[in-house]
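Please construct the entire structure, taking both the sequences and the accompanying hints into account.
2 protein chains.
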Amino acid sequence: MDRKNDRYLKENQVAENGLLDRRLFLKKGLQFGVITSLASTVTISSAKDKQSTSQNKSSDLTWMHEPGKSFSTYGLPSKFEDNVLRYPSQNEAVPGNGVSWTPLHLMEGAITPNGLHFERHHNGVPQIDPKKHRLLIHGLAKKDLIFTIDDLLRYPMQSKTCFIECGGNSNSGWNSQPSMAEAGYFNGMVSCSEWTGVSLSILLEEAGVDKKAKWLIAEGADAFAMQVSIPMKKALDDAFLGLYQNGERIRPENGYPVRLIVPGWEGVLNVKWVHRLKLSNRPVMARNETSRYTELQPSGKARMFTFVMQAKSLITSPSAHMILKQSGLYQITGLAWSGKGKIKKVEVSADGGHSWAEAELQEPVLDRAFTRFRIPWHWNGKPTILKSRATDETGYVQPERQQLLKERGRQGFFHYNAIINWHVDNDGFVSHVYDKDETKKTNSDISIDSDWN
Amino acid sequence: MDRKNDRYLKENQVAENGLLDRRLFLKKGLQFGVITSLASTVTISSAKDKQSTSQNKSSDLTWMHEPGKSFSTYGLPSKFEDNVLRYPSQNEAVPGNGVSWTPLHLMEGAITPNGLHFERHHNGVPQIDPKKHRLLIHGLAKKDLIFTIDDLLRYPMQSKTCFIECGGNSNSGWNSQPSMAEAGYFNGMVSCSEWTGVSLSILLEEAGVDKKAKWLIAEGADAFAMQVSIPMKKALDDAFLGLYQNGERIRPENGYPVRLIVPGWEGVLNVKWVHRLKLSNRPVMARNETSRYTELQPSGKARMFTFVMQAKSLITSPSAHMILKQSGLYQITGLAWSGKGKIKKVEVSADGGHSWAEAELQEPVLDRAFTRFRIPWHWNGKPTILKSRATDETGYVQPERQQLLKERGRQGFFHYNAIINWHVDNDGFVSHVYDKDETKKTNSDISIDSDWN
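The listed protein sequences correspond, in order, to chains R and S. Using our numbering, you'd call the opening residue of the first sequence number 63 and step up by one each time. Using our numbering, you'd call the opening residue of the second sequence number 63 and step up by one each time.
Worth flagging that the hints you see were computed from the coordinates, not collected in a lab. Do not rely on the hints blindly, as some may be mistaken.
Same chains, same label: a pair holds when it works inside one copy or across any pair of copies.
[Stated by the list, open to error] Derived DSS-like pairs: lysine-lysine, alpha-carbon spacing no greater than 25 Å straight-line:
1) Lys205 <-> Lys66
2) Lys193 <-> Lys141
3) Lys193 <-> Lys131
4) Lys194 <-> Lys141
Given the structure is predicted, the values throughout are model-derived calculations rather than measurements.
Rendered as structure tokens:
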């Protein structure tokens, strides 16, 4: 770099180790080229260009010399993107029990396409005929009601773009050794869609809620008969019956023909294939709200009904397994979300947490939805640690791992939302690391893969 | 209906023939059930329930008695939704020339899932290897630049949710007889995605734009070598190179590996498979901006370079081919969009345009994106005509068909954005109609299907 660039970087640095003003590319376009041009300057049609390979960036025009493929009634990704997949991790004894992870590290923007929305099933994906599916509302109500899917489709609809996150997402963070997986295959039990459906309050008020009904028990029509308990206040506030996902009918693995959507709360509460809603004066105390989806604390007592997913963020690029090929300008980008509302800010550190700068938030910033953040970074070629830290509109700040361990101990399993560190080494290789003194081995290490049940 | 309901409807009516306050379901849930309950009141576990068919709405629990399907690496819609497809309409002699329509009438919300985004190709879909694709910037610039896709992926990104609409969308509206097709297969050459990519201004400024460069010529790497001309001002203002569509890499039929996105302007300018951007002092006058994508006016002169897609709206439900099974409460819903900015309001008429009421707009209302609108309607069982009318933030109002024909004549072909009428007959069957006196046959009727070239 010449002196002009040095001065330019210095003038625009907003935190140590090369973090630059987040508005750098918004105000004016030219800076990226000035600092780190990635383009080749070429002489068009030179003999050398025509003969050579990709090294000099000459273009292959094969596809301009033959007619392309015809139209399709339902499109699929390019065959050259066949590595962009959900990553299944299953209970070997029960193949329908486990998860498949969203490849967040291979994605951009804030919407999760339907084919890549994460899955968490307890006994596989039922193949439900919508004509035979029924939704029953019963219990502490003036009358019992039963709905066909066609009935539900005639009710007034609402749309909400929001994330759904499994309570167990990122839980290898509780382990004494950092995860070796790519960012999405460690943190991708979270996805964000535009859901459309019928407000639960319309149906519950039609049934006539008894004053004694403080809980809503929801049950899915899968072979596990998933049951959960939701406080009636939340059910009446903003829960809805999701029928459409990003414009089309909800996918089988996401609850076709109808899924309960409980914005901002644990994924398990967003009951898929929902067929029964019982109004009750107490929670049902089902297996998945007692022995599971609870958090054992240092005191030996377990936290229960920990509904809200707290604010969290994750740098998706650069992230584990990626390689920065040369020093120079990069865009650090990632996702932030909070079960309590909108993301207020995301700070990024390029020096292991000593200094922080605010990243640009992609508009629109929506309530309980993925918020994409981005900030330019000039990497000087030396090893360092990247971090991101989300703050939501309630003022809640995503904790460092030490702080989370101090509060929760080592057996929490669920609700892991600590700051994630990406280490960049001399060769630009990125990996997950803990801060120093965090890797003390204990007997309580969780073996994630064997723990599906 | 009893007297209480009559009074209730009267109190909440906001335009003639049953249009009700758009906030009816937002303020309080209970009204839908009060006026038109679709649920059955049931006695649980009665013998009658167990034995009978869907008529009494008993539930089929087959899928609770067997393990479901296992995890998948890339998901697909339910087999029970196999009618929700794009509808291809092709040139028989050249199968890669034509369109496939988005089934807007079968969808909800504002996002188009990638599998259903409309297609318009001139010589099929090239199957491009991203490693061999290059983007060249040349012409009136300080230097010529060439980029690989990997280069582009390292540049700073931006996301924008916006519609892309073919200039020829809805063009059967110019015909003397109303379209017989479903709403999407008549108006579905428009879709809306979250696009993510690199601002063109960054790359153009890196090349160094010559003051004489007033036009940008974009060329696609398909066998048609689609070329268009875009004013440099627009190119520098908000055009970008789309690399991601709803979170994943752009689909082949939407321009993989890279597509030019020109928010709010004619679909044809959003050049797919873009591989060349030439800075020029004049437009290229290519076939698709001279003989096509221009509009012959009554004067005999043709309009050219009619870039902006004007405000438009469409009721998607109820719409053509649907049947209202009984009188009672329905939700009228549809989409509105404008190439000039945000939608300010959508008015709906349930009496053929005599009276109008404002529909609820789904938040967030975004610049040059689909805006979903909804309004409750109590159908009295008698024939009528439904209409929707969009107004954008510039104050532009979607015209009635008579007004459009008066301004533009009958040979416009492109840029048809008139108000669309849905007629509901005695039996609740919905079809497309024109207002009276609009169906005069002329010699200039367009034969859409034979016109692909």
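So, going through the hints one by one against the coordinates:
1. In this assembly of identical chains, Lys205 and Lys66 lie within 25 Å of each other by CA distance solely across copies; the values are 20 Å between and 76 Å within a copy.
2. When the C-alpha separation of Lys193 and Lys141 is checked against a cutoff of 25 Å, the pair qualifies only between copies, where the shortest distance is 13 Å, while the shortest distance within a copy is 35 Å.
3. Proximity of Lys193 to Lys131 under the C-alpha cut-off of 25 Å is restricted to the inter-copy arrangement: shortest distance 20 Å between copies versus 36 Å within a copy.
4. For the identical chains of this complex, Lys194 and Lys141 are inter-copy neighbours only, at 14 Å across copies versus 37 Å inside a copy, given an alpha-carbon limit of 25 Å.
In this structure, none of the earlier numbered hints is contradicted; all agree with it.
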